[in-house]
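As a plain string of letters, each chain reads:
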Amino acid sequence: MASLFHRSKQRRAERAPVTAHGNINLVPLVDTLTSIVFFSLLTYQGETMMALTSFDLSLPPVVVTTPQQASQVKSEQDVLNLLLAVRVSNDELDVEHSGGGGFRQAIKGLDANSLGTLQALMAQIRQQYPQNKDVLVIPSDDVAYDNIIHVLERLRLAGFTGISLGTRARGGPAAATGR
Amino acid sequence: MGSRGRDMRAARRAAQFAKFRITELNLVPLVDTLVSIVFFALTTATVGELSPVVPGVRLPEAHVGAAALQQLTLGIGPQVTLGGRPIMSTLDAARAPSNDASQPLLIPPLYAAMRVAADSIRRADRIAAGQPLDVPLAIQGDKSMRYDLLARMMQTARLAGFRNLSLQVSKQEGGLDTAAAAPGAR
Chain R
489 MASLFHRSKQ RRAERAPVTA HGNINLVPLV DTLTSIVFFS LLTYQGETMM
539 ALTSFDLSLP PVVVTTPQQA SQVKSEQDVL NLLLAVRVSN DELDVEHSGG
589 GGFRQAIKGL DANSLGTLQA LMAQIRQQYP QNKDVLVIPS DDVAYDNIIH
639 VLERLRLAGF TGISLGTRAR GGPAAATGR
Chain U
47 MGSRGRDMRA ARRAAQFAKF RITELNLVPL VDTLVSIVFF ALTTATVGEL
97 SPVVPGVRLP EAHVGAAALQ QLTLGIGPQV TLGGRPIMST LDAARAPSND
147 ASQPLLIPPL YAAMRVAADS IRRADRIAAG QPLDVPLAIQ GDKSMRYDLL
197 ARMMQTARLA GFRNLSLQVS KQEGGLDTAA AAPGAR
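Chains as they are written, first to last, in our numbering: chain R, 489 to 667; chain U, 47 to 232.
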């Protein structure tokens, strides 16, 4: 029968390769982590991925003009009770809606102050007509995409979630698009 | 004699067992593998669903908006790309005349590429030909692009069957005064 001394000696001998020099062998772990860091740096796109945000577009409202179109309306909720549009040009923002016999307000410029005024006005309209979350944005052809995004951003901040993009009338049919 | 034989048998049995005895259990490779698995699992869960930026496109910046998930992406930079594949130069797209008198905004080469992509999605999702797709199409456009070009791109996408469009832009942290933001604004 092996004594306590021999048994503990035997256990130490068994652990010896794992705990050589009195430490756990960290070399393979360091090797693996180095590989991970190397390939992560090589393929890093995380920051650019996380730095993206999106604006989902909706279909612009359709004005019902025929009995056939009226019959396709399934419920009262599908009927938009306020037609709200923001026209964007390089020197002016025009807000128009059909409430109260018609409303129109022009905001000069397309800078931060003008966008702030637009946001305040749209938030006011949103409070006035709480059931309406839709707005149609109609930029001029020569407006830069950057400016359109700034307008969409302000509309989103004003509480409008159903944003659609349309085009001004031209030779062919309108290019309104979205959901 | 009997006792000696029994001892010998026991010794032989002990020797046989000793051959299969595990004298050490090295856990280091197991730990290494698990560290790798946990790392890549977390990385994939965090950024795997997010959309990458199309190379060569200078995106506009916005402070608000929904998370931009990975979708079929139309890139509009120096080149027009669909799903990372170049279709035509942006200059050619802007100049391309429509071949359909009733759709003056149509860009024929882009329409053809989008129809192929849309038909492929329809086949995969078993959607009848000609039906509009619920699969969203993300648009990553250069911030200097004029709206008339964007309108043509969007109209071409709609005609190809993509009715859900989202504009993906670069997210800017802080800076914008959101004091006037209404409840529900994202």
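Calculated from the structure, these hints are not laboratory results. Please note that a few of the clues may not be correct.
As the list claims (entries may be wrong) - To be clear about the criterion: a stretch of chain R counts as covered by chain U if any three or more of its residues have a C-beta under 8 angstroms from a C-beta of chain U, and this derived list gives those stretches: (1) 520-530; (2) 580-588; (3) 591-597; (4) 624-635.
Claimed, not checked - For lysine-lysine, the following DSSO-like pairs were computed, each having C-alpha atoms within a straight-line distance of at most 30 angstroms: (5) K621/R <-> K596/R; (6) K217/U <-> K497/R; (7) K189/U <-> K497/R; (8) K65/U <-> K596/R; (9) K65/U <-> K621/R; (10) K189/U <-> K217/U.
Here a beta-carbon is modelled for each residue, glycine too, at the ideal position from N, C-alpha and C.
Point to revise | Structure versus earlier hints - violations, ascending order | key: 2, 3, 6, 7, 8 and 9
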